[in-house]
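Peer 1: If you're matching them up, the sequences are chains A and B in order.
Numbers 1 to 355, taken from the numbering used here, label the letters of the first sequence in order.
Numbers 1 to 341, taken from the numbering used here, label the letters of the second sequence in order.
Simulated from the structure, these hints should not be mistaken for laboratory data.
Honestly, I wouldn't trust all of these hints.
Said to hold, decoys possible - One-sided and incomplete, this derived list gives chain B residues near chain A with beta-carbon spacing under 7 Å:
{"no.": "1", "residue": "Phe16"}
{"no.": "2", "residue": "Ile19"}
{"no.": "3", "residue": "Val22"}
{"no.": "4", "residue": "Val30"}
{"no.": "5", "residue": "Gly33"}
{"no.": "6", "residue": "Val87"}
{"no.": "7", "residue": "Gly157"}
{"no.": "8", "residue": "Tyr158"}
{"no.": "9", "residue": "Met168"}
{"no.": "10", "residue": "Val171"}
{"no.": "11", "residue": "Phe173"}
{"no.": "12", "residue": "Leu283"}
Virtual Cβ for every residue (Gly too), placed ideally from N, Cα, C.
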Amino acid sequence: MAENNPETKVSTSLLQKRWKKFKTLKRGYYSFLAILILYLISFIFPLFVGRNALLVKYNGDYYFPLFKTYQSTDLGQKKDAYGEANYRILKQEYAESGQGNWVFLPVYPFGPNENLLSELEGNPPHPPSIQHFAGTDDRGRDVFSRLLYGFNIGISFALVVTLLSYIIGVAIGSSLGFYGGKLDIFGLRLIEIWSTLPFLYVIIIISSILQPNFLLLTFILTLFGWIGITYYMRGEFYREKARDYVSAAVSMGAENRTIIFKHILPNSLTPIISYAPFAIVANIFSLVSLDFLGFGLPPPTPSWGQLMQQGLSNIEHWWLIATPLLSLFLTLLCITFIGEAIREAFDPKVYSRLR
Amino acid sequence: MTSYFIRRFLLIIPTFLGITLVTFLILQFVPGGPLEMAIMQMRTGGQQGSEQGSKGTTQSIPQEAIEELKKFYGFDKPIYERYIIWVSNLAKFDLGNSYKYNEPVWDVIVSRFPVSIYFGLIGFFLTYLICVPLGVYKAVKNGSTFDFISSALVFIGYSIPGFAFGAMMLVLFGGGSFWDVFPLGGFRSADWESLSSMGKVWDQVQHTFLPVLSYMIGSFATLTILTKNSVIENLSQDYIRTAYSKGLSERKVIFGHALRNSLIPISTGLGHAISLVLAGSFLIEKVFNINGMGLLGYESIIERDYPVVMGILVISTVLLLVGNILSDIIYAIVDPRIRFN
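Based on the sequences and whatever the hints tell you, model everything.
Peer 2: Structure, rendered in structure tokens:
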């Protein structure tokens, strides 16, 4: 797809060309923007969604509860005045007393791990209402807030796991394919054994010794996530090794390192890059399934899988399953669209129908 | 090429031993094993609950009783010896007895085969019967509105985890707060035996519909898109041009020439069809409360029923390894250009 117009004959790198092509694929491009923006915003969610007020003016002093926790007595809270300050109650009380004190709350003033039982009537879970867009869960926590915070955790988790498994998979697969021989036969057997290990046991064993947390779970999922990439890279290196350009490099005295990193690797990375979004989808799936089974992130981490589990155990409370499913679905759909567009941008096969 | 496949079959043995050995070792480190469970039961003396964690009563169990328990579960011997015993029993097709069911492991596993095969076969045939024609049609009509909409639908399906979809369907149609169309799960109704023959069929269909839908929703995308891409690629080959220039009708070109070559990559997945006897995702089975292979595997892990765990591992490993080779053999048969060495 070279530029034929002589006036605009600026050479563009392959990556730029692909990026340009990607931008023309609207469905994927807009999904990419949506996910990217939402993910970036999710790091500053406390500014929009959360229990802590952004700014409090009390008796002439300004307080920033986002950065420091205040006790309810520090700010003169009267109702339920124990433990940390409750800024929603505080706001009401300040307004009623009319002494010029005020509280500036986030747009959606409910935190993900906050128990709202004392402020709500009836038993949890509460159905969706204007105050609580997605109702509350069985412990009286706001579901909408949990969904949003769960988004950040899910995406971060999947990104880290995908990146780590790619690094390991590419390293091992490349060496098996490049060096071949005994290393390959032996290594392949080990991988075959590794890939059939019952994954759930390892989780149970580890989680019975250590409390599973974000890092530990990424580690465990990476342990089992690199295998597919390894198979692929091994095959790719086998194929590319036999090509003429590699023989040319060898005959010019290039070192193995140069051949691997400068010649073969750039030629074999394209398909696995275009596969990355689907790997991310798979990793989000894994986290949701593990949370669903109760082997995932420890409570009270906001998680979509845990909400679904609640939803399944009380199916008359439909929002507990509908809202996480909808969030999961929209997220995965966007990532799938991105993947489809990346694949098309990286591999622009133009088929002409002959007839 | 025969020698290649013979070598592949021989390589199954070391791989198989490696897999079982590693799993066997891992099982030793899982806390709360059968021995600990039995001791716990003796300690609490039948009364469940609050006292389970207390360490103070450990002395009350005589050492001999523990030794006897160890002997019963075979934990009195060192681990390598136990593994050798297990393998030699396996060579006699003896998988041991399930701790939980007190039955031979083989019987426990075989009793779940019908459910797995039932759902496995239905899912398998429906997926192939729908996806392959759909993929072909999408390839022929590439770029049309139908292609665009069906692609979107297929990707939507790909973005919903099967078990979550199943759970949602139960919420909607299981009679919770919306419609009461489908039963809440299970393989059949409890009074299935007493129903009329038409009633039996209808009951079975009702219990089958949602689980099968949940099983298939994710696998649609992969096979449909694979078929479509494969057909598209073949339609732009030179031999298709030749076929058209010979004056063949479009129907003949597509079904007689393009399709045959396009099915090669699709047929390679058929080797793994032998794993159907073990089919069943425990997530979906858990949601629909179906007593299939997936649930058996999950429960045996949770309840530390080691003989069943190892039994399922043995069968699934053998089927997987043989399935890999079968796929390669099918590949070599349908595509004579393929040579394995």
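Peer 1: Please go over all the hints and tell whether each is borne out by the structure.
Peer 2: For each hint, the structure was consulted:
Against a cut-off of 7 Å between C-beta atoms, the interface hint on Phe16/B is violated, since the closest Cβ of chain A lies about 9 Å away. The criterion of a C-beta within 7 Å of any C-beta in chain A is met by Ile19/B, whose closest approach is roughly 5 Å, and the hint holds. Interface hint status for Val22/B: upheld, as the beta-carbon distance to the closest one in chain A is roughly 6 Å, under 7 Å. Given the 7 Å rule on beta carbons, the hint for Val30/B holds: about 5 Å separates it from the nearest Cβ of chain A.
A cut of 7 Å between beta carbons decides the hint on Gly33/B: the least distance to chain A is about 11 Å, and the hint is violated. Because the beta carbon of Val87/B sits about 15 Å from the nearest beta carbon in chain A, more than 7 Å, this interface hint is broken. This hint is violated: Gly157/B has a C-beta 10 Å from the nearest C-beta of chain A, more than the 7 Å allowed. For Tyr158/B, the shortest C-beta to C-beta distance to chain A is roughly 6 Å, which falls under 7 Å, so the interface hint holds.
Given the 7 Å rule on beta carbons, the hint for Met168/B holds: about 5 Å separates it from the nearest Cβ of chain A. Contact between Val171/B and chain A, as hinted, is supported at the beta carbon level, the nearest pair being about 5 Å apart and thus within 7 Å. With a least beta-carbon distance of about 11 Å to chain A, the hint placing Phe173/B at the interface is violated under the 7 Å criterion. Interface hint at Leu283/B: satisfied, since its Cβ lies 6 Å from the closest Cβ of chain A, which is below the 7 Å cut-off.
When held up to the earlier numbered hints, the structure conflicts with 1, 5, 6, 7, 11 and fits the remainder.
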